[in-house]
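Trainee: So the chains spell out like this:
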Amino acid sequence: MEQMGKVLVVNQEKCTGCRLCELVCAVKHDGISNPARSRIKVMKWEAEGLYIPMSCQQCQDAPCMNVCPVKAISRDEDLARVTVDYDKCIGCRSCVAVCPFGAMNFNVIDRKVFKCDLCDGDPQCVRFCDMKAVDYMDADEVSIMKKRDAAARLSRAGKEGAALMAQL
Amino acid sequence: MPLDSKIAYIDLTTGDIQIKPIPLDVRKKFLGGRGLDAYLLYNHTKKGCDPIGPDNTLMVSGGLLCATCASATARTHVMAKSPLTGLLGSCNMGGFFAPEMAWAGFNHLVIKGKAKHPVYIYIHNGKIEIRDARDVWGRSVTEAQWAIRDDLGDQEVKSMVCGPAGENLVRYANVMTGIKNAGGRTGMGCVMGSKNLKAVAARGTMDIKIAHPVEALEFNKRFIEQITSAKVNQTQGTIGTPFIWGATNSWGGIRCRNFQYNQCEYADDMEPERLDEIATETIGPYHMTGCFGCQVHCRAQYKIPFGPYAGKYDEGPEYTSQGAFGGETDTPRAITVLTGNHLVDQYGVDNLEIGSLISWAMELYELGIITNKETDGLDLRWGNDDAVIEMIHRICQRKGWLGDTLADGGVPASKKIGKNSFSYLIQVKGMSNLHSDERATPGLALNIALSSRGSDHLRSRPAIDLYHLPEPVMRKIYSSPVPYNGPLSSEHTEYIGKPWQVFWHENCYMAVDCLGICKYHTTFLGATLPNFEDWVKVVYYNTGLQLTPQQIWEIAERCNNMERLFNLREGLSKDDPEKGDVLNHRYHDEPTRRGAPDVVGRVIEKDKFLKMRSEIYVHKGWDENGIPKPETLKRLGIDNEPSHLV
Chain A
77 MEQMGKVLVV NQEKCTGCRL CELVCAVKHD GISNPARSRI KVMKWEAEGL YIPMSCQQCQ
137 DAPCMNVCPV KAISRDEDLA RVTVDYDKCI GCRSCVAVCP FGAMNFNVID RKVFKCDLCD
197 GDPQCVRFCD MKAVDYMDAD EVSIMKKRDA AARLSRAGKE GAALMAQL
Chain B
25 MPLDSKIAYI DLTTGDIQIK PIPLDVRKKF LGGRGLDAYL LYNHTKKGCD PIGPDNTLMV
85 SGGLLCATCA SATARTHVMA KSPLTGLLGS CNMGGFFAPE MAWAGFNHLV IKGKAKHPVY
145 IYIHNGKIEI RDARDVWGRS VTEAQWAIRD DLGDQEVKSM VCGPAGENLV RYANVMTGIK
205 NAGGRTGMGC VMGSKNLKAV AARGTMDIKI AHPVEALEFN KRFIEQITSA KVNQTQGTIG
265 TPFIWGATNS WGGIRCRNFQ YNQCEYADDM EPERLDEIAT ETIGPYHMTG CFGCQVHCRA
325 QYKIPFGPYA GKYDEGPEYT SQGAFGGETD TPRAITVLTG NHLVDQYGVD NLEIGSLISW
385 AMELYELGII TNKETDGLDL RWGNDDAVIE MIHRICQRKG WLGDTLADGG VPASKKIGKN
445 SFSYLIQVKG MSNLHSDERA TPGLALNIAL SSRGSDHLRS RPAIDLYHLP EPVMRKIYSS
505 PVPYNGPLSS EHTEYIGKPW QVFWHENCYM AVDCLGICKY HTTFLGATLP NFEDWVKVVY
565 YNTGLQLTPQ QIWEIAERCN NMERLFNLRE GLSKDDPEKG DVLNHRYHDE PTRRGAPDVV
625 GRVIEKDKFL KMRSEIYVHK GWDENGIPKP ETLKRLGIDN EPSHLV
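Protein sequence lines correspond, in order, to chains A and B. Residue 77 is where the first sequence starts when you use this note's numbering, and the numbers rise one by one after that. Residue 25 is where the second sequence starts when you use this note's numbering, and the numbers rise one by one after that.
Simulated from the structure, these hints should not be mistaken for laboratory data. Treat the numbers as computed from the prediction; the structure is a model and nothing was measured. Note that CB positions come from ideal geometry on N, CA and C, so glycine has one too. One or more of the hints may lead you astray.
[Said to hold, decoys possible] Chain B is faced by these chain A residues, among others (derived, beta-carbon under 10 Å):
| no. | residue |
| --- | --- |
| 1 | K104 |
| 2 | P111 |
| 3 | N142 |
| 4 | A238 |
[What the hints assert, rightly or not] Simulated DEER-style distance windows between Cβ atoms:
| no. | chain 1 | residue 1 | chain 2 | residue 2 | range |
| --- | --- | --- | --- | --- | --- |
| 5 | A | D154 | B | E249 | 22 to 32 Å |
| 6 | B | S274 | A | G178 | 44 to 54 Å |
| 7 | B | D663 | A | G167 | 51 to 61 Å |
| 8 | B | R298 | A | G167 | 50 to 60 Å |
| 9 | B | R422 | A | L126 | 32 to 42 Å |
| 10 | B | R298 | A | R203 | 46 to 56 Å |
| 11 | B | G335 | A | M130 | 38 to 48 Å |
| 12 | A | R232 | B | K336 | 26 to 36 Å |
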């Protein structure tokens, strides 16, 4: 099978909400500490203890790419990512408006759009997350992993069900 | 740059707000956080001011490294004159508030006066406004924070608030942020309440330029590996701090029934594994939560499984809640701990102080010093779980004679109760000890006696004393960054060498508090964790400031002396049982009754204790009365205080 390329995988159950990913992302790209510059952002519902890191999904048929009036956004198949060509970008923010995940950002200080570039294959958010709430793996492995987790849950439920039946 | 962060002076009486830079020479002298706060406190409060009057000044700050690319720079520090002790008031909390304030452009706030009606301060990208909080007043810690977000229409706002306990002027009310992050001890939430200040809210998207970003990033990675490689931090990151209570209890180092026992029998129900089992929905390895940028993530998440508060979400319970609502009161049941923990988080009150005072009242009840008349019929028997929960409500709402009395703090309560109630109160400088028993550990006993904010474990605890480290290892730790050739002992029951260890940790913890990082990231519970040598690099990479380990040590000494100067000015005297560097007589008179062979049957020998105290005064450059010598102050450049540099 052809190499699918690696993708960012978020497991929100593991996220502790520390936002170190936001910090290292901004420092890596801009040399600045400022979560407003981060490509990844942890959305939080503190009252429920729910933390979900959000970043670019590097869509195949990316709405940002389709909407761009000057064709500044394209797919880079080597790294399986969607990239912005700043020589072409006119800063119209159509991509920001259209992204269903809010993953395209606009930096009000530099007045530029920006998005996850997977740190050219070494995503710092993944490197710094000891919980691996954000991971970087082959796209085809992701669904196998999820299948295994789901099957384990089913198997556990099945065993518990059988044990309950045995008690009756 | 982190060094560009500003200081704001806010007068709540007049509404006047002044924004100024923090001069570099002030940074070099006090760094930031607690150290600079101590300087500001001495300079901006009048001697003898009323802690709950408009003249008291409230300092809110982040550390020098706050929101930089260093590890766990989340700490918010709050300082004022304490309404509990009348001496230094100081608290330190994690969470996300100080970094947000830093991204909004500020590292330090100096808040004076008293607002006419409830207000909150909103800090947003270099601007500060005082806003109406009449609709927020009266709300619990979390409800207040969500209400402020709604008021501002921004869910990313981070606030530090006082809860109902602070509004009711409970003298040991907390400053709180998030669900659980608590600035506990010494009642800084009470100072907020007294100023009609419900909250300080922050939202920032301003740049903090890192001086050497590539190096800072790589060094942070190394730093984190060092921190997470320590077993103690791995354990904390899996089950949280309850493991400490479990270990300390089985050894015999906690308080049970106020001070009658040093071990809680039948405490299995409070072991972390059991807490995990009971609160099935959460807790456990994947249900940990962390402060900004921290990979230790020591707080568990849980829901109360049954009872009147079933389904309520909270974080913890940490080590101190187990001690406060399980051990001290001899109610070692998970549900009591989980519920008590939730209530103090919502009221915004210090769990250590309230648990300690409830257990003190229980002992007085047992002795007949207080009776059903004082408790309004509440059966304050040891082990009465419902009474513990009821007392939390009564104190925080100042309900009933006893609730109102205990809300004023231990020493004032002892005067109101009378008889010999004071001699049962386990306190130093008017603040209750945490739920630990130091009779088998002279080093730790010296630590609580000398702590600048009253009996406390986060000022100078040589906790690694309990690991019996080989002497060469100890010598390596304790003879850097300044040489030490005196005696050291790996034996925790010994008295020799302990004064130096306490002195060393005092400077280490002060440095951490000035930098604004967490104590789990230094030589506190783990002997292999970073300290002075490593901070020099972190500070340089992030701020560009070049310091030597010796300079950081000297800064810490300077800041500790500032705190001492404040305490002396406000009436500290070394042998004063209410405001001195002394322990409750029970440490010296009542041997421990339970615990491991190296614990049971021990007291702190008074003559040896006093010898240790004299020795630490010498290390600190203080005279025999515990007053900094003129040459010490001159050496540290604080011989002309108040000097009003900021």
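Trainee: Look at each hint and say if it fits the structure.
Mentor: Evaluated hints:
no.: 1; hint: K104; in the structure: 6 Å, holds
no.: 2; hint: P111; in the structure: 7 Å, holds
no.: 3; hint: N142; in the structure: 29 Å, violated
no.: 4; hint: A238; in the structure: 20 Å, violated
no.: 5; hint: D154/A - E249/B: 22 to 32 Å; in the structure: 30 Å, holds
no.: 6; hint: S274/B - G178/A: 44 to 54 Å; in the structure: 50 Å, holds
no.: 7; hint: D663/B - G167/A: 51 to 61 Å; in the structure: 58 Å, holds
no.: 8; hint: R298/B - G167/A: 50 to 60 Å; in the structure: 57 Å, holds
no.: 9; hint: R422/B - L126/A: 32 to 42 Å; in the structure: 35 Å, holds
no.: 10; hint: R298/B - R203/A: 46 to 56 Å; in the structure: 36 Å, violated
no.: 11; hint: G335/B - M130/A: 38 to 48 Å; in the structure: 28 Å, violated
no.: 12; hint: R232/A - K336/B: 26 to 36 Å; in the structure: 28 Å, holds
Hint compliance for this structure: hints 3, 4, 10 and 11 are not met, and every other hint is.
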